[in-house]
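Use the sequences and the hints to build the structure in full.
For the sequence shown, the residue numbers in mature numbering (1 follows the signal peptide of the UniProt record, and there is no 0) are -17 to -1, 1 to 483.
Hint data in this document are derived by calculation from the structure and do not stem from the laboratory. Since we're looking at a predicted model, the values are computed, not measured. Please note: incorrect hints may appear among the correct ones.
[Unchecked claim] Calculated pairs, DSSO-like style, for lysine-lysine (alpha carbon to alpha carbon, straight line, at most 27 Å):
1. Lys464 with Lys212
2. Lys455 with Lys470
3. Lys212 with Lys470
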Amino acid sequence: MAMVWILVHLASPPSLSTDLPHSDERIRRVISTKRDGGHFTVFSLADSEDSTAASSSSGRSELNSRLNVGRVLLRNVQSGLRSTFLPSGYPARTPPGYLRYSVWSWVQDLSTQLRSVLATQRVLEGVGVGREGATALSALLNFLVRDGCGMAASLAFTSAAASRFQSDVKRWRIFADVMVDIGITLEVAASACPPTLFLPMISLGNACKAMCGVAAGACGGAINLHWAKGSDISDIQAKFGAQHTVTGSLGLVFAAFFAKSVSTVPGGRLWILYAALTALHVMANLRCMRIIHFDVFNTTRLRLVLRALFESGTLSNKTAVTTAENGSVFENPPFPKTMPTPSEIAQIEPLLFLPQPASVPIYFGVSFDRFAKLSGKPRAELEDSLLYREHESYIISSAASSSLISMGNGRRCVVVALSSECTPIVQIQAYYHAFLLARLLSHLKPFERNGPREDSDRAESAARQQVQEYWKSFVDAAHHKGWDLTKTQLRTQGYEIEIQ
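Written out as structure tokens, the structure is:
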């Protein structure tokens, strides 16, 4: 991997510290270094009459006599490569892990290109290239249908999922890579299937790749913003483009040899090679997502932090709920001294869309119609909730499905309605409140038919008390651990309420 070797050696900025004088010597020269590492000048003070400013980028610099021409040329080449492939100010002005992320990104790019060569071969064979009796019109119609399915899938997927990408960037990015793997696999397998299945398979494969393009493009913007912290987003995008250009060129070279050799490889071995490249692609993308440490809360990251705070082994005295004749008694949980950092959460947050059932689900950002229906509260209580919302910018209630209550097996849940004036930090507080309420409700028995709401009311009161007691400590700990509370990526039902 020539590209990997080059950038590993470019990871540290050019250093001239070995040539600088000691503190007890005269200052002999002043070095001016451009932030992107692509240019530096040396101003000599050794002879005031002959002092000149020399530019290393032009190749005409006159360095100190101790620097030979070979070192000057090496620094020129290194500076030029750094300015082409690495962000301005790397590594001081980029988040940690940028180079490792780039290397794994190149690995997945190369694996995709090699498999795409095999898929292209199989598609061309399927449309009749090299087969007697095949016509150009037949091949053209196949490609038109395939491309049309891809365009339709792109539009449909954009309409269905565009609003969800921001709240779960990592999982959608992995989803995109899985979809492109499925698409390429369908194209590779299409030529081995009956002719009647060839067109549907390549069309479905192209639809999967189109969905990958939508999701990867949307998530790529958020990922670039992460790497642009303290730097320039346009510079980050340009450098990623330059890196992909080089990896694409290397991929073309490898693909040429790969395409020539796979024609002589037995089918079984070819599928083993294909499976290995696919596994490498998935692993590389998983490693990329683990390297990225988002410091903004989304629903998954916030739940992981709250579970670590209130349900970890460090809390020996968890919230106790005892049912007595007069109701339920709740003990406030102690706030732990430690909170996970963004880098710690990045290593454990789920990267796949797998079901994660909750004993007490939270419906966040619902419409007020649904809030009123699920809470089951009379209008007077709803009005009181709205008055309380004027100070909190959100309203929250325990709830249960009325259909399940009628069957005597009501499942408790938490519903939250957000005000249109709700700021990011208030949204985080609202989810924090909902999590505590759900945690208390999980210790209660299911609703009984026509049973009283006293237990739920006590849980709501206890949760509100816990929020008032521990919220400031949570905010202070979050700031201390590096979480950004000025932004939020919490997943909501999409509604905001406004009182008129």
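How the hints compare with the structure:
1. Proposed proximity of lysine 464 and lysine 212 is supported: the alpha carbons are some 17 Å apart, at most 27 Å.
2. Straight-line distance between C-alpha atoms of lysine 455 and lysine 470 comes to about 17 Å, which keeps the hinted pair within the 27 Å bound.
3. Distance restraint check for lysine 212 and lysine 470: the Cα-Cα separation of roughly 14 Å lies within the 27 Å cut-off, and the hinted pair is therefore satisfied.
Of the hints listed earlier, there is not a single one the structure fails to meet.
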